[in-house]
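Order-wise, the sequence lines are chains G and L.
In this text, residue positions in the first sequence follow the working numbering: the first is 1, and each later residue adds one.
In this text, residue positions in the second sequence follow the working numbering: the first is 1, and each later residue adds one.
It should be emphasised that the hints constitute simulated quantities derived from the structure, not laboratory data.
Every value quoted in this text rests on a predicted model; they were computed, and no experiment measured them.
Don't be surprised by glycine CBs; every beta carbon is placed ideally from N, CA and C.
Heads up, some of the hints might be wrong.
Interface residues of chain L toward chain G, partial, derived using beta-carbon atoms under 10 angstroms [stated by the list, open to error]:
#  : residue
1  : 25
2  : 31
3  : 54
4  : 55
5  : 69
6  : 178
7  : 187
8  : 193
9  : 198
10 : 213
11 : 217
12 : 279
13 : 282
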Amino acid sequence: MAGRIVALIVAGLVFGPLALVALRAEGWGLDWPALRFTVTQAALSALASVLLAIPVARALARRRFPGRGALIALLGAPFLLPVIVAVLGLLAIFGRTGLLNRTLGTDLSIYGLHGVVLAHVFFNMPLAVRLILQGWQGIPAERFRLAQSLGFAPRDIARHLERPMLREVLPGALTVIFVICLASFAVALTLGGGPAATTVELAIYQALRFEFDLGRAASLSALQFAICAAAVLLASRVALPSGFGAGLDRQVAFGPAGWRRVADASTLLAATLFVALPLLMVAQRGLPGVASLPMGVWAAAGRSLVVALASTALTVAAALALALARRRWAELAATLPLAASSLVLGTGLFLAIHPFAAPERLALPVTMLVNAVLALPFAYRILAPAAARIEADYGRLADSLAMQGWARLRWLILPRLAQPLGFAAGVSAALSMGDLGVIALFAGQGGATLPLMVQQLMGAYRMEQAGAAALLLVVLSFGLFWSFDAWGRRAAT
Amino acid sequence: MRHLILALLPCAANAETLTVMTYDSFVSEWGPGPAIEAAFEAECGCDLRFIAPGDGAALLARLKLEGARTEADVVLGLDTNLMAEAKRTGLFAPHGQTPALDLPVAWADDTFLPFDWGWFAFVHRTDLTPPTSFEELAASDLRVVIQDPRSSTPGLGLVMWVKAAYGERAAGIWDGLSDNILTVTPGWSEAYGLFTEGEADMVLSYSTSPAYHLIAERDATKAAAIFTEGHYLQVEVAAKLANASPLADRFMEFMLTPAFQAAIPETNWMYPAAGPDPFGDLPKPGKTLTFTPDEAASLRANAIAEWQAALSR
Numbered sequence: 001m002a003g004r005i006v007a008l009i010v011a012g013l014v015f016g017p018l019a020l021v022a023l024r025a026e027g028w029g030l031d032w033p034a035l036r037f038t039v040t041q042a043a044l045s046a047l048a049s050v051l052l053a054i055p056v057a058r059a060l061a062r063r064r065f066p067g068r069g070a071l072i073a074l075l076g077a078p079f080l081l082p083v084i085v086a087v088l089g090l091l092a093i094f095g096r097t098g099l100l101n102r103t104l105g106t107d108l109s110i111y112g113l114h115g116v117v118l119a120h121v122f123f124n125m126p127l128a129v130r131l132i133l134q135g136w137q138g139i140p141a142e143r144f145r146l147a148q149s150l151g152f153a154p155r156d157i158a159r160h161l162e163r164p165m166l167r168e169v170l171p172g173a174l175t176v177i178f179v180i181c182l183a184s185f186a187v188a189l190t191l192g193g194g195p196a197a198t199t200v201e202l203a204i205y206q207a208l209r210f211e212f213d214l215g216r217a218a219s220l221s222a223l224q225f226a227i228c229a230a231a232v233l234l235a236s237r238v239a240l241p242s243g244f245g246a247g248l249d250r251q252v253a254f255g256p257a258g259w260r261r262v263a264d265a266s267t268l269l270a271a272t273l274f275v276a277l278p279l280l281m282v283a284q285r286g287l288p289g290v291a292s293l294p295m296g297v298w299a300a301a302g303r304s305l306v307v308a309l310a311s312t313a314l315t316v317a318a319a320l321a322l323a324l325a326r327r328r329w330a331e332l333a334a335t336l337p338l339a340a341s342s343l344v345l346g347t348g349l350f351l352a353i354h355p356f357a358a359p360e361r362l363a364l365p366v367t368m369l370v371n372a373v374l375a376l377p378f379a380y381r382i383l384a385p386a387a388a389r390i391e392a393d394y395g396r397l398a399d400s401l402a403m404q405g406w407a408r409l410r411w412l413i414l415p416r417l418a419q420p421l422g423f424a425a426g427v428s429a430a431l432s433m434g435d436l437g438v439i440a441l442f443a444g445q446g447g448a449t450l451p452l453m454v455q456q457l458m459g460a461y462r463m464e465q466a467g468a469a470a471l472l473l474v475v476l477s478f479g480l481f482w483s484f485d486a487w488g489r490r491a492a493t
Numbered sequence: 001m002r003h004l005i006l007a008l009l010p011c012a013a014n015a016e017t018l019t020v021m022t023y024d025s026f027v028s029e030w031g032p033g034p035a036i037e038a039a040f041e042a043e044c045g046c047d048l049r050f051i052a053p054g055d056g057a058a059l060l061a062r063l064k065l066e067g068a069r070t071e072a073d074v075v076l077g078l079d080t081n082l083m084a085e086a087k088r089t090g091l092f093a094p095h096g097q098t099p100a101l102d103l104p105v106a107w108a109d110d111t112f113l114p115f116d117w118g119w120f121a122f123v124h125r126t127d128l129t130p131p132t133s134f135e136e137l138a139a140s141d142l143r144v145v146i147q148d149p150r151s152s153t154p155g156l157g158l159v160m161w162v163k164a165a166y167g168e169r170a171a172g173i174w175d176g177l178s179d180n181i182l183t184v185t186p187g188w189s190e191a192y193g194l195f196t197e198g199e200a201d202m203v204l205s206y207s208t209s210p211a212y213h214l215i216a217e218r219d220a221t222k223a224a225a226i227f228t229e230g231h232y233l234q235v236e237v238a239a240k241l242a243n244a245s246p247l248a249d250r251f252m253e254f255m256l257t258p259a260f261q262a263a264i265p266e267t268n269w270m271y272p273a274a275g276p277d278p279f280g281d282l283p284k285p286g287k288t289l290t291f292t293p294d295e296a297a298s299l300r301a302n303a304i305a306e307w308q309a310a311l312s313r
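Looking at chain L on its own, in the form it has when it is part of the complex (with noise of 0.2 angstroms):
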């Protein structure tokens, strides 16, 4: 009977065990996750396992839960709006990299390692000319259907997008745009859904979803507008914890190798940031719009505060 058991348990359970904290789409069964473990197990011999404690926000919430006695050895899935909070824990190493990347800026930061990237946009059928500007579309009768910055990564990306774009002139944007917000959604699967329901005719997403419809599902009708002011960048990164076993170095540096880098356009919709642009067709904005890290973190509140004064009034 013993042995029965014995059998039944993997096979790795002898094997060095590397610990990946990271969103749930990610591991699911039509993310990258499963792709990438195969591979980096193959390359290192090794098991990697992950955990998935909700969605990219709820990354960071997990590890400060967490603190110092967390199992996890690399945490993967934040983006540059959490950066500078998740430095402020004191929990992460420096990357010790200087790796080549494919990112529309430049890339000095000594923690945190890119791993994918997009630019948020607002997602159309092609039966309607989209506007180009949020002026635009504030003069426009459009209903967008966006997410709660408050509760959602996109949501924030937008208010933080609205924020680059015109700054002081932001909360006047958002007085002209409040007529044109059909609804706030907790979170994107929900606004997507009322889109591809027909409910809306635009949703904030990113410049590469119409990529999805193309490649997964053969549907042209799809497109992202294109914004005159420059759209908005989000870069996802990954970085190694302070006590993390030696297996993670290795695993920072296969993240940016092929291996791992191939898996991510068509599962999670992104750029990749080493490697090809996989979507060529795709329209790409003129000019990329970005906070530094601690910029982002310094003006988050206030940008807000001021989407909330305007879409409550």
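Okay, chain G solo, but in the shape it has when bound (with noise of 0.2 angstroms):
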């Protein structure tokens, strides 16, 4: 019931503002050169994302080895950073000046499908091992007891255990992610090149901006949300439930010696390096100039913080209302915000607001409001599995002692979810912190929370100072996400 209602007003939410756009249009048109290049790079982008994915969450599941909880803490950074911060340190790293071009003196160029696709991987491949890890750590272990002492050789546990535990996860993972870097935008025009780059969402911000061609802003974002529901209902046709059965909700690591022990290390290796050195850059670019940020930077990241919170509060509630719904339409509810264009999305809304009140005495609620739709995506990827699981597992024992309602969530449910609720919220509340997609219509004078503050500063050619907010928001996000997702893992224990 409660899932339904909030399939509803998320719906609501998400095609109410597409409605108004689009009832003020004047006639229709789509782009079919940007939308040949959304689908390729945002095809291949998942593609790459998660197959390197597996092997590093491989890895993971079945190694133990020292710094491993920060390790898969760090996983949730690259996914926080404001676009703009991390492409820049991406160039760092592979620009025509960076690090691997000034080492190997070569001249390699990062510009082209193969930057858009690197940069997508960069935020994404984390976001596609803690999912992927999710699902190693959901095969009970008692079927890895049994596999050892039946003397299966790796090769056997990855076709009897990790293919079928695959085969459910993987759909929902390149969904996700083929469906985020459909609504890229300034990461594929920057690294892509020049504007053969084009995707749908900068033809979207094109009609909105510069033509208020707002038909055909309506129509390339009913498009978006066709291919995203396509997406969708094609990933949970593909995906099989992987029926491993109920186990004693333990884990444990179970990694073969010899040559895989050596092929794990250097996975965990390269794919540490890849996220961390553009991190460092990050890092190294603001330091210097952190004591010399203005107040009203600090008041902007007060601001955020009250933001994100709110908003997380927001979409762990509906996300675990959608979990609990167990059912396609509550999927599709939870995926479509993905596909959303934010700048539809605040369009809309401002047009939903104007009659009624000034939209900048509303900036803040509505931005709480929208963040926590555009989050809401990621938090029930995360929670879905994992409820099904439990209801799966334990479903019919509770059914059986007649625990329905709060009992069933306080005693059930709760404490077997604590680890990827508070994954979850950690996400949701990093996403919210730097999100800009929708303030930045409603803001006045004052108000301004911490990205928009990166943004003005950019905009005032103080790079040094907004490299240090940017630094600020990072540390802020991944503080959040570090705190929510350890009380997780330590509930969960």
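Dock chain to chain to rebuild the complex, using the hints, since each chain is given by itself in its own frame.
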């Protein structure tokens, strides 16, 4: 019931603004080359991110080493970076005058489709690792013990345990990343090297900003939704439940020795370097300016924290309601916001609010709500598989005990969901800190959030202070993420 | 309790309010907004309120969304490339002034008044010898970063610049430039960030950009390349809405007084529209290129298409 209400609210928030924009339309229009490029880069980015994430997730699942927890947390970081900050970090490594070209004495160019995919992999591969790692941890330890006592070689384990799990987890991970990359705009244009890398989102931006062609914006946005819906439906057809049955809720490390140990170690080292080096560059750029940050930046940081915490509460509650509904409509409702163009969303909400109130007075509540909706797909994706597993494993037992409603939530679901809940809350909070999709349309004088502040500093030539404010943003986002995630992992043990 | 709440309300709540819609970097802590607000409020005894819905291009879009219901009395920050389209909305009223202006071109528009202006230019580090024309740039192996004309005002300015300098030959010039263009960014700040990080040799910005580095950072290593074809002019303008409060006329007058104009150079880093040249030492182009607002409006789509075709190859 709660799930159904949440799904309706989300659908209303996502489609309502689109409808309002469409109502003001005077014509329709599409952009085929942009559509082709958008789908190609999104598909390649999703495939590359997920394929590279599998060995990393497997190594993390079957090895125990000092710093493992820190590494898993670090994997959350790229995803939280403001786009332009991440792009500058990547360019410091892979750019024309970046570390790579300087060390090797080469003149490799990052600009082009490969650069777009590289950046999207940097953003999304870590997310894929976390999603797939959850799948690995979902295989009951008893199954691995049984496999070991039957003398299974790693090949047999892969065939009987890992592949069925991947068949369940990968379609969802691919879909999320595909849909995230669909709406990419600044990364695709900046690293794509020119107008050949025009995405649908850029076309929407142009239609809304320069041409004021609401019809074109609405139809392009509807097209994004259609592609997103198709991807979700396709993925839920391909995905098969792995059906491992219940275990005793414990995890086990089952790493085979020999060359596989070396392979796992090198995989983890490569992934760490790939994620950490651009982050180090961001830190190095930002540190010198932190001391001289103007007061306004700290005030904006405070506002961002409040917005983030409030929208996290909304997101996690909504995601939990949808995850416990365990229906295809719930999954669709929870994925749709990914394809929502934040610009269309903002414009539609503006059309809805403007007749009744001054939009800048509602800037923070609107930002809070929109951030909550935009973070919902991630929170849902994290909670849904775990919720499904709990119901499959313990649902009948709970039913036979007539454990329903609050008692079921309190004694069955929440304790077992603590880890994914913490992770989901962390991701939502950090995403909400970093997002500026809508605030820019509503912001008046003062009342800016931290990401908007970074943008304003850059716009005023203050690149060093912008770097410092961006570092502050990353540290705060990561701090929020870390606290929620650590809470979840502690509560789970 | 109620007294406490009343005491906390801004005391200007009873005074008349003037609402000015402008771009966000104008009202930020580092823009001219705060100084101008204080100066005008002191002069008129009223409350000046800014609303800032995004960058320059967003202003017109926002105004069209709001139509005649807009709360704004004055819109400040459109430029010559958007003027014709803004006028067509029919939302604006004539300013009725005959101001003395210091612009490199004559100004006769009866609706829009300029408040600052600048020339678009490529900014480079002084350790390289800059090209002196688009053709020299095309023949060099320098890598420049520019902005997308479909999402950014300077990006549109560059496309109009090439069109104004080369007319029919513009498409050919873009062909020649395509291998010098490292990448295209959605907005000015991403491009400028790439340049200051050392990723590009030159960036499309303004001839006054080096003044920021000179004055605010005491850094003399940035300069603007002067092109023999001449430089395209950007004039930033303001206009009052047809149903504006009477304070709007006072603000439009105030806009060209020293109290407003003196805030411009070291916050917006542009030339003030009325007043002495604050950047006397900076090199200036020998020739100013410009289109009338109507020409700019009719050439825009075609100029962007030429740019897109040449760079998509």
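Right, here's what the structure says about each hint:
no., hint, verdict
1, 25, "holds, 4 angstroms"
2, 31, "holds, 7 angstroms"
3, 54, "holds, 5 angstroms"
4, 55, "holds, 8 angstroms"
5, 69, "holds, 7 angstroms"
6, 178, "holds, 8 angstroms"
7, 187, "holds, 8 angstroms"
8, 193, "holds, 6 angstroms"
9, 198, "holds, 5 angstroms"
10, 213, "holds, 8 angstroms"
11, 217, "holds, 9 angstroms"
12, 279, "violated, 14 angstroms"
13, 282, "violated, 15 angstroms"
Of the numbered hints listed earlier, those contradicted by the structure are 12 and 13.
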